[in-house]
Amino acid sequence: MGGYALEVMHIRKSFSGKLILDDVDFKVNRGKITSFLGPNGAGKTTTIRIILNLIKQDSGEVVILGRSNRDKEIFKEIGYIQELPNLPSFLTGRQLLKISSRMKGAKEEEIDEYLKIVGLLDHGDKKISKYSKGMIQRLAIAESLIGNPTLLVMDEPNIGTDPLANIFFREMFKDIVRRRGVTIFFSSHDLSEVEKISEEVVIILKGKTFFTGNIEDLISKFLGVRIEVELANPSNEIFECVKNIGYVREFSSQGSLLLVGISEDKRWELLRDVINCGGKVISFKRENDLEKAYVEAIKRGRGY
Amino acid sequence: MRQLRGGEGINKVIVVSLYELRRALARKKVLVLIYLSLIFEVAVYIALFYVKDNTSFREILPAIGNILWLVGTLLPQSLLIHFIALSISSGSLSEEYEQGTVDFFLTKPIGRAEFVLGKYLGGLTLVVLIYLLMVTLSILLSWILFQPQGNLIYLPQIFASVVISALAFYSLGFMTGEVFRRSSIAYIISSTILISSLLIGIVLNFVYGFTKNSIYIMIAKALPNWGATQLPIFIASSIPNSSVILPFLEVGPSLNGTIYEALGYVVSYSISFTLISLLSFLSRDIPKRIS
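Sequences listed follow chains A and B, in order.
Note that my numbering numbers the first sequence so that position 190 is 190, with each residue one more than the last.
One rule links them: number in my numbering = place in the second sequence (from 1) + 1000.
Derived by calculation from the structure, the hints in this document are not laboratory data.
Some clues are possibly wrong.
[What the hints assert, rightly or not] Derived pair list, reagent style SDA-like, types lysine to any residue, alpha-carbon separation capped at 25 Å:
| hint | chain 1 | residue 1 | chain 2 | residue 2 |
| --- | --- | --- | --- | --- |
| 1 | A | LYS98 | B | GLY1100 |
| 2 | A | LYS32 | A | ARG286 |
| 3 | B | LYS1288 | A | LEU205 |
| 4 | A | LYS72 | B | ARG1289 |
| 5 | B | LYS1028 | A | LEU91 |
| 6 | B | LYS1029 | A | PHE90 |
| 7 | A | LYS127 | A | ARG94 |
| 8 | A | LYS206 | A | GLU77 |
| 9 | A | LYS27 | A | ILE215 |
| 10 | A | LYS76 | B | GLY1100 |
| 11 | A | LYS221 | A | ILE245 |
| 12 | A | LYS133 | A | THR92 |
| 13 | A | LYS133 | A | GLU61 |
| 14 | B | LYS1288 | A | LEU19 |
| 15 | B | LYS1029 | A | THR92 |
| 16 | A | LYS56 | A | GLY17 |
| 17 | B | LYS1288 | A | ASP25 |
| 18 | A | LYS72 | B | THR1274 |
| 19 | A | LYS133 | B | ALA1026 |
| 20 | B | LYS1288 | A | ILE245 |
| 21 | A | LYS127 | B | ALA1026 |
| 22 | A | LYS266 | A | GLU240 |
| 23 | A | LYS206 | A | GLY134 |
| 24 | B | LYS1221 | B | SER1197 |
| 25 | A | LYS76 | A | GLY105 |
| 26 | A | LYS133 | B | ARG1289 |
| 27 | B | LYS1029 | A | TYR131 |
| 28 | A | LYS72 | B | LEU1117 |
| 29 | B | LYS1029 | B | THR1125 |
| 30 | A | LYS280 | A | PHE251 |
| 31 | A | LYS127 | B | ILE1034 |
| 32 | A | LYS127 | B | SER1197 |
| 33 | B | LYS1028 | A | ASP125 |
| 34 | B | LYS1288 | A | ARG286 |
| 35 | A | LYS221 | A | ASN29 |
| 36 | B | LYS1028 | A | TYR131 |
| 37 | A | LYS133 | A | GLY105 |
| 38 | B | LYS1029 | B | VAL1251 |
I would like the entire structure built from these sequences, with the hints used as guidance.
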């Protein structure tokens, strides 16, 4: 199952003469969790609505699982979770899932299974108007899973409202990606969640694709390679020694921690040289701060 | 394969129609209108029952006693059924935008035209059911309070003509709901068009009385309310002795015309409004939740 789950090709869109998207172009690999990032107003929601054919682009094309997004049948393969899901409040949870099943041609017998997965089996016959925000979010997740979709698109899903629900749904999404090869594409501002769940990122800025790739590439590109070294015997002599190693580009220390900026190929050489400087290394890891990399990327993108 | 798709398409339209029926019934405004309509039906027959012993009424009762079902069947169509129709249809699409629920359907394997058709038919089914309830009530009350009713052979034609007439304002409400995407604006605009076309018709008829210039009558007949309110009256006029009742059931001016003219106006308005709604829905972007 290679290839792309989603191809967004050179999308342009204006509203009332104002250019909102200008050549948004990226691809989402199958069977991966890809997050869609960008500051407010960058055009994330507009892009997602174009992908879902709710908004028509001025030019460009969207291909989902090898078929145009204008082919309505492809929506049997898509599950969608809105930011703050707006579901018909006069229906019960079970009625909503029944409508969704009928639309997608899925088995209605599986409705209880989906309600059970999201912990709403005992609330299936309650009207949605009586649901809490967290319950509505859970119902939206259950609804998106109907018909075993191949692609899940989520627009800023604040998964659950409590940390336990967050952990549960994060693991559930990872599991369906792992076991069923589902692709998840979601927009978010929650970088800690992005870091925990996704492998690849797409960043748009000022209506243009600014970065596509995996999280490590993003960090390398905008932060460089920074190694965090924890020493059992921190001392000024060791710090000075490490700081003076020829290939060290950046150096800072705090307590027993050293943060050393180097090029990618000097990683293991650094470990050897820190030991040679007399350091007793407790931990040696690459700094993986998506938030810093993202902020740096946005700053550069804006020309600061 | 094509047949299968056709069958699937019909199923989806039915799913949306049933959803729309349920949605419209969940709206307080619609429920209040339904209750008021039923109270109105009962009140009309109770009022007639209390004047049964009035000398003048007693004189005409032998002639109209067996067609009193016409009163409750035709009285709503002069105004009430159009209000019910536009109050249901004006919220049909606009409330989906306001509540953001339109995304739920349009991110499923359903075409926009199928969705619009389902919404249109679902709301219309409710209008037909409400009117059916009113007609049933009329026949029962006139039968119980007065005498066994006759000439019911005309009922299917009259029923169909009222439903067709209701299409004009139903489609108007549907169109304004789609074009303005705000239920309150759609309701205000479409009900204003209903009332103002009625009033303008009265004024034009009045002006015609002085000028005898037939252009005023032509304009009055071309207003959306004329065909919609006159078509069932023209059909009912072939019922024996109905001429005694019909003048009291007309709200607007009584202008001469034919069934075909009235039908022509109703069909033209209905098709035009529906086409505008469809074209608008097919071509415009679906915004995020509006309110």
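Going down the list of hints, with the structure as the test:
Straight-line distance between C-alpha atoms of LYS98/A and GLY1100/B comes to about 19 Å, which keeps the hinted pair within the 25 Å bound. The suggested pairing of LYS32/A with ARG286/A holds, with an alpha-carbon distance near 23 Å, which does not exceed 25 Å. Using a Cα cut-off of 25 Å, the hinted pair LYS1288/B and LEU205/A holds, with the two alpha carbons roughly 21 Å apart. The suggested pairing of LYS72/A with ARG1289/B holds, with an alpha-carbon distance near 22 Å, which does not exceed 25 Å.
At roughly 15 Å between alpha-carbon atoms, LYS1028/B and LEU91/A fall within 25 Å of each other, so this suggested pair holds. This hinted pair checks out: LYS1029/B and PHE90/A have alpha carbons roughly 15 Å apart, not beyond 25 Å. Note on LYS127/A and ARG94/A: the hinted pairing holds, with a Cα-Cα distance of about 9 Å set against a maximum of 25 Å. This hinted pair does not check out: LYS206/A and GLU77/A have alpha carbons roughly 30 Å apart, beyond 25 Å.
As the CA atoms of LYS27/A and ILE215/A are separated by approximately 15 Å, the hinted pair is consistent with the 25 Å bound. For the suggested pair LYS76/A and GLY1100/B, the alpha carbons sit about 21 Å apart, so the restraint of at most 25 Å is met. Taken as a hint, the LYS221/A and ILE245/A pair is honoured in the structure, with Cα atoms around 23 Å apart against an allowance of 25 Å. For the hint pairing LYS133/A with THR92/A, the CA-to-CA distance comes to about 15 Å; that is within 25 Å, so the pair holds.
Using a Cα cut-off of 25 Å, the hinted pair LYS133/A and GLU61/A is violated, with the two alpha carbons roughly 35 Å apart. Our distance criterion of 25 Å between C-alpha atoms is met by LYS1288/B and LEU19/A, whose separation comes to about 18 Å. For the given pair, LYS1029/B sits about 21 Å from THR92/A by alpha-carbon distance, which is consistent with the 25 Å threshold. A C-alpha spacing of about 15 Å is found between LYS56/A and GLY17/A, which places the hinted pair at or below 25 Å, so the restraint holds.
Under the criterion of a C-alpha separation no larger than 25 Å, the hint pairing LYS1288/B with ASP25/A is consistent with the structure, at around 23 Å. A threshold of 25 Å between alpha carbons decides the hint, and for LYS72/A with THR1274/B the separation of about 23 Å falls inside it, so the pair holds. Restraint check: the Cα-Cα separation between LYS133/A and ALA1026/B comes to about 21 Å, which is no more than 25 Å; the hinted pair holds. Restraint check for LYS1288/B and ILE245/A: the C-alpha separation of about 56 Å exceeds 25 Å, so the hint is violated.
Our distance criterion of 25 Å between C-alpha atoms is met by LYS127/A and ALA1026/B, whose separation comes to about 12 Å. At roughly 18 Å between alpha-carbon atoms, LYS266/A and GLU240/A fall within 25 Å of each other, so this suggested pair holds. Restraint check for LYS206/A and GLY134/A: the C-alpha separation of about 32 Å exceeds 25 Å, so the hint is violated. Restraint check for LYS1221/B and SER1197/B: satisfied, since their Cα atoms lie roughly 10 Å apart, inside the 25 Å limit.
Simply put, LYS76/A and GLY105/A have alpha-carbon atoms about 8 Å apart, close enough for the 25 Å limit, and the pair holds. Under the criterion of a C-alpha separation no larger than 25 Å, the hint pairing LYS133/A with ARG1289/B is consistent with the structure, at around 17 Å. For the hint pairing LYS1029/B with TYR131/A, the CA-to-CA distance comes to about 23 Å; that is within 25 Å, so the pair holds. A threshold of 25 Å between alpha carbons decides the hint, and for LYS72/A with LEU1117/B the separation of about 16 Å falls inside it, so the pair holds.
As the CA atoms of LYS1029/B and THR1125/B are separated by approximately 17 Å, the hinted pair is consistent with the 25 Å bound. Our distance criterion of 25 Å between C-alpha atoms is met by LYS280/A and PHE251/A, whose separation comes to about 18 Å. About 23 Å separates the Cα atoms of LYS127/A and ILE1034/B, which keeps this hinted pair within 25 Å; it holds. Straight-line distance between C-alpha atoms of LYS127/A and SER1197/B comes to about 41 Å, which puts the hinted pair past the 25 Å bound.
For the given pair, LYS1028/B sits about 22 Å from ASP125/A by alpha-carbon distance, which is consistent with the 25 Å threshold. Restraint check: the Cα-Cα separation between LYS1288/B and ARG286/A comes to about 41 Å, which exceeds 25 Å; the hinted pair is violated. For the proposed pair LYS221/A and ASN29/A, the alpha carbon gap of about 21 Å is at most 25 Å, so the pair holds. Pair hint LYS1028/B plus TYR131/A holds up; C-alpha atoms about 20 Å apart against a cutoff of 25 Å.
The suggested pairing of LYS133/A with GLY105/A is violated, with an alpha-carbon distance near 28 Å, which exceeds 25 Å. With a CA separation close to 24 Å, the supplied pair LYS1029/B and VAL1251/B stays within the 25 Å bound.
This entry does not satisfy hints 8, 13, 20, 23, 32, 34, 37, going by the numbered hints stated previously.
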